[in-house]
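Take these sequences, add in the hints, and give me the full structure.
This is what each chain is made of:
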Amino acid sequence: MINIEIDGKRIETENGSTVIEAAHQAGISIPHFCYHKKLSIAASCRMCLVQVEKAPKPLPACATPVTEGMKVFTHSEQAVKAQKGVMEFLLVNHPLDCPICDQGGECMLQDMSVGYGGGASRYHEEKRTVLAKDIGPLVSAEEMSRCINCTRCVRFGQEVAGQMELGQAFRGEHAEIMSFVSGTVDSELSGNMIDLCPVGALTSKPFRYKARSWELSRRRSVSAHDSLGSGLAVHTKNNHVLRVTPIENEEINECWLSDKDRFACEGLNSPERLTKPMIKQDGKWQEVEWQTALEYAANGLRHIASGAGAEQIGALATANSTLEELYLLQKLMRGLGSDNVDFRLRQADFSADGKQQGAPWLGMPIADISRLDSVLIVGSFLRKDHPLFASRIRQAVKKGAQANIIHSVDDDLLMKVANKAIVAPDALVTALSQVAQALDAEKNGKAQTASAEAVAIAKSLSGGGCVAVLLGNFAQQHPQAAQLQALAQQIAAATNGKFGFLGEAANSVGGYLAQATPGSKGMNAAAMLAAPRKAYVLLNVEAELDTANPQQALAAMQAADMVIAMSAYRHHATNYADVLLPIAPYTETSGTFVSAEGRVQSFKGAVKPLGEARPAWKVLRVLGNLLKLSGFDQDTSEAVRDEAIGGMDIAAQLSNASQATDQPAIPTPQSSGMQRVSDVPIYATDAVVRRSAPLQATADAAVPRVWMHGSELQKLGVKDGDMVRVVQGLGGVTLAVAADDKLPQGVVRVANGHAATAVLGAMFGTISVERA
Amino acid sequence: MSTPIIFNTLHFDQPWTLENYLKVGGYQALRKILGEKMSPDAIIAEVKASGLRGRGGAGFPTGLKWSFMPRNYQGEKYLVCNSDEGEPGTCKDRDILRYNPHMLIEGMAIAAYTMNVKTGYNYVHGEIFEAYERMEEACEEARKAGYLGKNILGSDFEFDLHNHLGYGAYVCGEETALLESIEGKKGQPRFKPPFPASFGLYGKPTTINNTETFASIPYIINNGGQKFADLGVPNSGGIKLFSISGHVNNPGNFEVPMGTPFKKLLEMAGGVRGGNKLKAVIPGGSSMPVLPGEIMMDLNMDFDSIQKAGSYLGTGAIIVMDETTCMVKALERLSYFYYEESCGQCTPCREGTGWLYRIIHRIEHGEGRPEDLDLLLDLCNNIAGRTICALGDAAAWPVQGFLKHYRKEFEYHIEHKRCLV
Chain U
7 MINIEIDGKR IETENGSTVI EAAHQAGISI PHFCYHKKLS IAASCRMCLV QVEKAPKPLP
67 ACATPVTEGM KVFTHSEQAV KAQKGVMEFL LVNHPLDCPI CDQGGECMLQ DMSVGYGGGA
127 SRYHEEKRTV LAKDIGPLVS AEEMSRCINC TRCVRFGQEV AGQMELGQAF RGEHAEIMSF
187 VSGTVDSELS GNMIDLCPVG ALTSKPFRYK ARSWELSRRR SVSAHDSLGS GLAVHTKNNH
247 VLRVTPIENE EINECWLSDK DRFACEGLNS PERLTKPMIK QDGKWQEVEW QTALEYAANG
307 LRHIASGAGA EQIGALATAN STLEELYLLQ KLMRGLGSDN VDFRLRQADF SADGKQQGAP
367 WLGMPIADIS RLDSVLIVGS FLRKDHPLFA SRIRQAVKKG AQANIIHSVD DDLLMKVANK
427 AIVAPDALVT ALSQVAQALD AEKNGKAQTA SAEAVAIAKS LSGGGCVAVL LGNFAQQHPQ
487 AAQLQALAQQ IAAATNGKFG FLGEAANSVG GYLAQATPGS KGMNAAAMLA APRKAYVLLN
547 VEAELDTANP QQALAAMQAA DMVIAMSAYR HHATNYADVL LPIAPYTETS GTFVSAEGRV
607 QSFKGAVKPL GEARPAWKVL RVLGNLLKLS GFDQDTSEAV RDEAIGGMDI AAQLSNASQA
667 TDQPAIPTPQ SSGMQRVSDV PIYATDAVVR RSAPLQATAD AAVPRVWMHG SELQKLGVKD
727 GDMVRVVQGL GGVTLAVAAD DKLPQGVVRV ANGHAATAVL GAMFGTISVE RA
Chain V
32 MSTPIIFNTL HFDQPWTLEN YLKVGGYQAL RKILGEKMSP DAIIAEVKAS GLRGRGGAGF
92 PTGLKWSFMP RNYQGEKYLV CNSDEGEPGT CKDRDILRYN PHMLIEGMAI AAYTMNVKTG
152 YNYVHGEIFE AYERMEEACE EARKAGYLGK NILGSDFEFD LHNHLGYGAY VCGEETALLE
212 SIEGKKGQPR FKPPFPASFG LYGKPTTINN TETFASIPYI INNGGQKFAD LGVPNSGGIK
272 LFSISGHVNN PGNFEVPMGT PFKKLLEMAG GVRGGNKLKA VIPGGSSMPV LPGEIMMDLN
332 MDFDSIQKAG SYLGTGAIIV MDETTCMVKA LERLSYFYYE ESCGQCTPCR EGTGWLYRII
392 HRIEHGEGRP EDLDLLLDLC NNIAGRTICA LGDAAAWPVQ GFLKHYRKEF EYHIEHKRCL
452 V
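Protein chains in written order, with our numbering: chain U, 7 to 778; chain V, 32 to 452.
Hint data in this document are derived by calculation from the structure and do not stem from the laboratory. Owing to the predicted nature of the structure, the values given are computational and were not obtained by experimental measurement.
Below, a list of computed lysine to any residue pairs in the SDA-like style, where the Cα atoms sit at most 25 Å apart:
1) U:K422 - U:G406
2) V:K217 - U:F176
3) V:K217 - U:F186
4) V:K217 - U:G178
5) V:K223 - U:G178
6) V:K216 - U:A69
7) U:K60 - V:Q338
8) U:K43 - V:F222
9) U:K133 - V:E398
10) U:K426 - U:Q751
11) U:K63 - V:F222
12) U:K540 - U:R340
13) V:K448 - U:R128
14) V:K448 - U:Y129
15) U:K60 - V:F222
16) U:K60 - V:G416
17) V:K223 - U:N21
18) U:K87 - U:H42
19) V:K216 - U:G173
20) U:K422 - V:K216
21) V:K217 - V:Y367
22) V:K217 - U:L420
23) U:K90 - V:D403
24) U:K63 - V:N412
25) U:K614 - U:T242
26) V:K295 - V:P35
27) V:K217 - U:D140
28) U:K405 - V:K223
29) U:K404 - V:E211
30) U:K133 - V:R400
31) V:K216 - U:L420
32) U:K87 - V:L404
A few chain V residues that don't get close to chain U, going by computed Cβ distances all over 10 Å:
33) A73
34) A76
35) G177
36) F230
37) G324
38) M352
39) T355
Every residue, glycine too, gets a C-beta built ideally from N, C-alpha and C.
As structure tokens, this is what we get:
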């Protein structure tokens, strides 16, 4: 520790910290622009110049390390003169167009100029004009004349997002921030540049000119998309959600937000929103009163339960539903006498059910990821499925951690990957078992017989320190998920490491706690769709987009006698459902999500439900009452939550351990035909995201292509960009083909969850490709 | 000056060849240290004794700089020669590259031996392609003859030198911007500390010296540091190359002992053109404050004398202006240079250089305002000492110097909207 004095205040601070850090720690503010605690030091804006005893000239507080006995003056005559001098320079070429600037009211430059700027300018020369740039649908760079060249956006790209999409071109006064050869900024974290920009140069494109910052109310909420559980500030005006910004939490999302979490809100007021209950009569949809719709639904369910039997009713929910919704849904089903309820819609292998000792979770706090020394990530489209988990791992790698990958695709993770084994889906279990085998050989001094990659991964994991094995969405959706789990558990045990699941969605853990999984007599999601039920209750589900096998799911829906769809949107269910119940998305209801690390986060609605939409927990409660089931008299969502998990020791409920009765069998790889690999594109994951127009305009939301190794293209006699027909079972679709030589041979990558591929079958398994 | 030390091959038809360099005792110094297995400490002691100060403009004692290199560092270390001679008025280093490249190679090899470095870079200014090619040829000659590469002169000493052609940016002459440029990045100065001796090229310990500095080393090793020091004056040891440009009859590079009277140098350059009266002199490259001719006529060319008079010796580039010179126009041109060459990183320099230039441009074009001169000085105070590198100072000093000695001319310009001269 080092003792210094700032403005006469004695401060004890850590050796190696800078003056600005010591000052902030002591609650002393020093004006700054380019400095940001999460970015490298640029020391270029010069706003933080302070006087340091014995230094001949003012020094930048952001870049000056503390030394024992140092005396710093942040408001002395010398310091203030320097700060005011810099402020004047910053404003000479700034357009001073605050009245029409979106940043107005929340602008660092505006705020600082109140404290350090002059009342009138001494600059009477011509001002610089910087041309507008189009860098994509999310971030507006329309008024680059406002830019003060602090390079925060550039450093964010290089250091946090992992790709330098913006840079400072040209020199001196002509310096400009721009993308490389007029490209777009495609990072899945790009929106953070809006927050980082201290002026109105980079602003939110969807939010532009919608409201002034002081007209907005901020409501605390939680991300409804991926499993990180990012804190959201939902900004509303006139009962409309206008934008979302991060709520800082070092343990969760730090100060960042993925573009998905930030811009998904644009889908909340989509014209597709369902605002009135509807029932289908004589093949025609009619808007009806809630009472009518609910009675219709209750009668239908009662009729089927008493006729065909309650086991003919299945309930499916997405993992983006709240804990309260999931809890009441399963309670309703069980009240009716059916055990068929599930939220794991894209899962294919349920053989761990019944052996699982608790709710599968991350296996450690999120923050611990930053402290890892070696990590093995199995089957994860990491950057797109978990943008901020990826960012944390990227930061750990920068500090020296080793990232090891086992997967069926080799997408660029924008970080150094120490070792990787890229194999076809049917060889994934083998690849992982080889690592276990290599670890065993290493431990017992036996000769290595495993593949070179497996030996290298084993070596990386057995190096000691903090180690983790993480299973991604692809591994969880894999037809041999239980075997992957058992192997990962074995590897983690052998390396003294943590073992966890990168949960797919906001409530992937909460669904288990809400008991929204079938009991021993019930049917899981896959079983319910493979053996069609007579009636389905859908909660937030778009059958052909949210399931592991869209073809099968759609067939099951179409064959059912009754489908009750609880949804915020009018969607494809109009073709197969009988009742559409308009429910409130996450900003219009209170609820709870349990994140990957098992953190229970409740939130309130930010705005009133649109039209006649109602929170789903209320709808389910009334439905329970109409069905005369007991235990549906909760007055608040908090009461539902307390009933579901109140008094529960959450930590004790989380466990990745599975009663591994015997060593998992290694299947022999299938050899016939091409195998499908499917990701769920980042902006196709759930109903809200799919309807966010700005997100749908990004490069990531482009129509999926059929990716194959170049040699496979040659075999087919097609070239990059040609149209091919991919067929699975009864359905086929014509899409453009593209070469990816990093894919294993015999593999066809086609996305799931997208309307363009919704006619296809299972996410894994054989698929045929022919020239269109 | 009887026998030149640096330009000692100029009497040959092809002064740059290895053959001719060897004829004047070339590579004897390198042979000596390798033969005698001279200790790095002994070499540094000689360099310290020579009083050699950096010839690139800042005048930092060379021996002291060499002693900063971590001795026991495991891993790569680098030696870099700054041949990015961009300071207006300066044209001495390019002539070393053109006419005596082997002396630079020998000097760098000795420095590399001293600091236990295996890899050197010579960063050549982008606009002197001919000099770069000459250096490339010389390095190839040296490699073939065993003065560069592995087992130099049969010893176990290894050193290779790579020439790197810059792109002509003035700021790349700033040593950390130069390092960034070698690394393939945009040439922008780094914040210091850390200094290059601990975090230099590719983050490794690095020593950077000017071309002329390195070229002075062989003489010091051959003749002893004291002998070199004795050629000059106290605190300014040895000889120095002065580039004289501007209104003289015979502009060029002159190799003279430190402390030579300016009057004598002016004579060597053939005196002021057309017998005109000397008006003003910039004594050390365009960024140093200007001094009136009458002051200069009494000054000796060494670090201390010039500093006492209110300017700096800098690179030793002497820009001579005669009585026909409009000081406003001269400053306008200088300010334009710094406005164009600012890297754009730090606010005061990025925004301030343009402001300075525009005001001076207005004054020159008859649109000056009485308050402009005080504004200029205030802006200079807000730029100088407030930036990462010295380019901010370099932009402010000429303005301050011109206004200090020639304020009346500026006032005349503002009032009468035309030149005094």
